[in-house]
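The two chains are supplied separately, each in an independent frame; assemble them into the complex guided by the hints.
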Amino acid sequence: DAKTTQPTSMDCAEGRAANLPCNHSTISGNEYVYWYRQIHSQGPQYIIHGLKNNETNEMASLIITEDRKSSTLILPHATLRDTAVYYCIVRVAQRPLVFGKGTRLSVIA
Amino acid sequence: DVKVTQSSRYLVKRTGEKVFLECVQDMDHENMFWYRQDPGLGLRLIYFSYDVKMKEKGDIPEGYSVSREKKERFSLILESASTNQTSMYLCASSVAHQGTGELFFGEGSRLTVL
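Those protein sequence lines, which keep their order, are chains A and B.
Numbering follows the numbering used here, in which position 20 of the first sequence is assigned residue number 20; successive positions increment by one, without gaps.
Numbering follows the numbering used here, in which position 87 of the second sequence is assigned residue number 87; successive positions increment by one, without gaps.
None of these hints come from the bench; they were simulated from the model.
C-beta: ideal position from N, C-alpha, C; glycine also.
Do not rely on the hints blindly, as some may be mistaken.
As the list claims (entries may be wrong) - No farther apart than 20 Å at their CA atoms in a straight line, the calculated lysine to any residue pairs in the SDA-like style are these:
#: 1; chain 1: A; residue 1: LYS52; chain 2: B; residue 2: GLU102
#: 2; chain 1: A; residue 1: LYS3; chain 2: B; residue 2: LEU41
#: 3; chain 1: A; residue 1: LYS3; chain 2: B; residue 2: LEU45
#: 4; chain 1: B; residue 1: LYS3; chain 2: A; residue 2: GLN42
#: 5; chain 1: A; residue 1: LYS3; chain 2: B; residue 2: GLY58
#: 6; chain 1: A; residue 1: LYS3; chain 2: B; residue 2: ILE60
#: 7; chain 1: B; residue 1: LYS3; chain 2: B; residue 2: ARG68
#: 8; chain 1: B; residue 1: LYS57; chain 2: A; residue 2: GLY100
#: 9; chain 1: A; residue 1: LYS69; chain 2: A; residue 2: LYS101
#: 10; chain 1: B; residue 1: LYS3; chain 2: A; residue 2: SER41
#: 11; chain 1: A; residue 1: LYS101; chain 2: B; residue 2: VAL52
#: 12; chain 1: B; residue 1: LYS70; chain 2: B; residue 2: SER49
#: 13; chain 1: B; residue 1: LYS55; chain 2: A; residue 2: VAL98
#: 14; chain 1: B; residue 1: LYS71; chain 2: B; residue 2: VAL52
#: 15; chain 1: A; residue 1: LYS3; chain 2: B; residue 2: GLY40
#: 16; chain 1: B; residue 1: LYS3; chain 2: A; residue 2: GLN45
#: 17; chain 1: B; residue 1: LYS57; chain 2: A; residue 2: VAL98
#: 18; chain 1: B; residue 1: LYS71; chain 2: B; residue 2: VAL95
#: 19; chain 1: B; residue 1: LYS57; chain 2: A; residue 2: ARG95
#: 20; chain 1: B; residue 1: LYS70; chain 2: B; residue 2: ASP26
#: 21; chain 1: B; residue 1: LYS53; chain 2: A; residue 2: ARG95
#: 22; chain 1: B; residue 1: LYS57; chain 2: A; residue 2: VAL92
#: 23; chain 1: A; residue 1: LYS101; chain 2: B; residue 2: PRO39
#: 24; chain 1: B; residue 1: LYS71; chain 2: A; residue 2: GLY100
#: 25; chain 1: A; residue 1: LYS101; chain 2: B; residue 2: GLY58
#: 26; chain 1: A; residue 1: LYS101; chain 2: B; residue 2: GLY42
#: 27; chain 1: A; residue 1: LYS101; chain 2: B; residue 2: LYS3
#: 28; chain 1: A; residue 1: LYS101; chain 2: B; residue 2: ARG68
Said to hold, decoys possible - Which bits of chain A does chain B cover? Going by a derived footprint, with three or more residues having C-beta under 8 Å, they are:
#: 29; segment: 38-45
#: 30; segment: 95-109
The shape of chain B in the complex, shown without the other chains (with noise of 0.2 Å):
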């Protein structure tokens, strides 16, 4: 079975401090992607990579970036964390050229800034 980890379920963080959270699958997928999810709101693509050193905008890229050093990681860095950055943080990854694509979510990282 595919399995997509993210490093922490759990985080509480401060205002301004820099957060990384950590991605990894097990896979060989080339497709990566990192969400958050808020109430109302749904779920709304921040980046994605399709490949090693490769990254993409998605919807909300701002405040938030991204790196790709290794094809089963995928990191999202918050440079200085603020609390409107507070929600739920769900990685994904899939298979490229391949079929169409089905993601395969990780469990999901809340963090809460104060």
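Bound conformation, chain A alone (with noise of 0.2 Å):
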């Protein structure tokens, strides 16, 4: 599975939407991007996936670039529930996830 790059830690102010960045740059065509996010002491959740068009759902959505070297999760109108750890995941279906570090956002009141 191809290998991901987050920053280690963002700030956002609640309300604002929250941007997390993530790079890929050698993902491969059969590849799925996904984003899952940890609560302090919960199990990862899954928010969402694609492939080459951009996605959305009632929690987010998923920018990915043309080239799919890169994607972007919004959270539209970050909260405080929204402090969690996000993994950007990138695999080919029904292989196990990998999970790296991912990016400790941080909301902000």
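Pasting the structure below:
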């Protein structure tokens, strides 16, 4: 599976959009981009995934660049409950997820 | 909603004890996984299973074994617990051959080996 690079930490003001970047320059054509988050003391939670096109669901939007070498997870109106570690993972469908260190997002009131 | 239940949230065991960590999912998922999570190291895959009686080694299988006798249950076994196995253990499950296999995680089992 391709490797990903994420910033170690980010801050975001409550009510503002949180934009979390991820680089995956070695991604191959059949690899999906997944985002999970882990709130303190809980198991990771699926957020969204995509292959080529931008995706949106009730939690977030995923923007994938045309060359697929990077992506951005957008939380449109961050709340204090969005404070968590966010993991960007690239993998072929059905293979186990390999987690990196993720980005620690702190939403500040 | 999918529910992945881990039998114990907190366990304290002694070095050399045999430890069983149980995981049950109620959504008929084919795939099940065991991870451990340690500060600074993130989540690491121990073992996984794509079907009953099947098991595959993950990245750090040493010191562990698993059992998948029924589809809904995936057990992680520490044959002789050691202090370096003190960790948070996370179980997950996913559907096979449908979509792209979103993982559902349990709440975790925090094991302390003294």
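Evaluated hints:
1. Straight-line distance between C-alpha atoms of LYS52/A and GLU102/B comes to about 17 Å, which keeps the hinted pair within the 20 Å bound.
2. At roughly 15 Å between alpha-carbon atoms, LYS3/A and LEU41/B fall within 20 Å of each other, so this suggested pair holds.
3. The hinted pair formed by LYS3/A and LEU45/B meets the criterion: a straight-line CA distance of about 16 Å does not exceed 20 Å.
4. Annotation: proposed proximity of LYS3/B to GLN42/A holds, straight-line Cα distance about 14 Å (limit 20 Å).
5. Between LYS3/A and GLY58/B, the direct Cα distance comes to roughly 17 Å. Compliance with the 20 Å bound is thereby established for this hinted pair.
6. With a C-alpha separation of about 18 Å, the suggested pair LYS3/A and ILE60/B falls inside the 20 Å cut-off, and the hint holds.
7. Note on LYS3/B and ARG68/B: the hinted pairing holds, with a Cα-Cα distance of about 18 Å set against a maximum of 20 Å.
8. Among the hinted pairs, LYS57/B with GLY100/A is consistent with the structure: their alpha-carbon atoms are about 19 Å apart, no more than 20 Å.
9. For the hint linking LYS69/A to LYS101/A, the alpha-carbon distance of about 19 Å falls within 20 Å, and the restraint holds.
10. A C-alpha spacing of about 17 Å is found between LYS3/B and SER41/A, which places the hinted pair at or below 20 Å, so the restraint holds.
11. Restraint check for LYS101/A and VAL52/B: the C-alpha separation of about 31 Å exceeds 20 Å, so the hint is violated.
12. This hinted pair checks out: LYS70/B and SER49/B have alpha carbons roughly 11 Å apart, not beyond 20 Å.
13. Note on LYS55/B and VAL98/A: the hinted pairing holds, with a Cα-Cα distance of about 17 Å set against a maximum of 20 Å.
14. Distance restraint check for LYS71/B and VAL52/B: the Cα-Cα separation of roughly 5 Å lies within the 20 Å cut-off, and the hinted pair is therefore satisfied.
15. The hinted pair formed by LYS3/A and GLY40/B meets the criterion: a straight-line CA distance of about 17 Å does not exceed 20 Å.
16. Restraint check for LYS3/B and GLN45/A: the C-alpha separation of about 12 Å stays at or below 20 Å, so the hint holds.
17. With a C-alpha separation of about 13 Å, the suggested pairing of LYS57/B with VAL98/A holds against the 20 Å cut-off.
18. For the hint linking LYS71/B to VAL95/B, the alpha-carbon distance of about 12 Å falls within 20 Å, and the restraint holds.
19. For the given pair, LYS57/B sits about 13 Å from ARG95/A by alpha-carbon distance, which is consistent with the 20 Å threshold.
20. For the suggested pair LYS70/B and ASP26/B, the alpha carbons sit about 12 Å apart, so the restraint of at most 20 Å is met.
21. Annotation: proposed proximity of LYS53/B to ARG95/A holds, straight-line Cα distance about 18 Å (limit 20 Å).
22. The suggested pairing of LYS57/B with VAL92/A holds, with an alpha-carbon distance near 18 Å, which does not exceed 20 Å.
23. Of the pairs offered as hints, the one joining LYS101/A and PRO39/B holds, with about 10 Å between alpha carbons and a cut-off of 20 Å not exceeded.
24. Pair hint LYS71/B plus GLY100/A does not hold up; C-alpha atoms about 29 Å apart against a cutoff of 20 Å.
25. Between LYS101/A and GLY58/B the CA atoms are separated by roughly 18 Å; this keeps the pair inside 20 Å, and the hint holds.
26. Between LYS101/A and GLY42/B the alpha-carbon distance is near 6 Å, which keeps this suggested pair within the 20 Å criterion.
27. A distance of roughly 26 Å separates the Cα atoms of LYS101/A and LYS3/B; the hinted pair therefore is violated under the 20 Å criterion.
28. Only pairs whose Cα atoms come within 20 Å are accepted, and LYS101/A paired with ARG68/B is rejected, the gap being roughly 29 Å.
29. For the segment 38-45 of chain A, the stated coverage by chain B is satisfied: 5 residues place a CB nearer than 8 Å to a CB of that chain, which reaches the threshold of 3.
30. Counting residues of the segment 95-109 of chain A whose CB lies closer than 8 Å to any CB of chain B gives 7, which reaches the minimum of 3, so the coverage claim holds.
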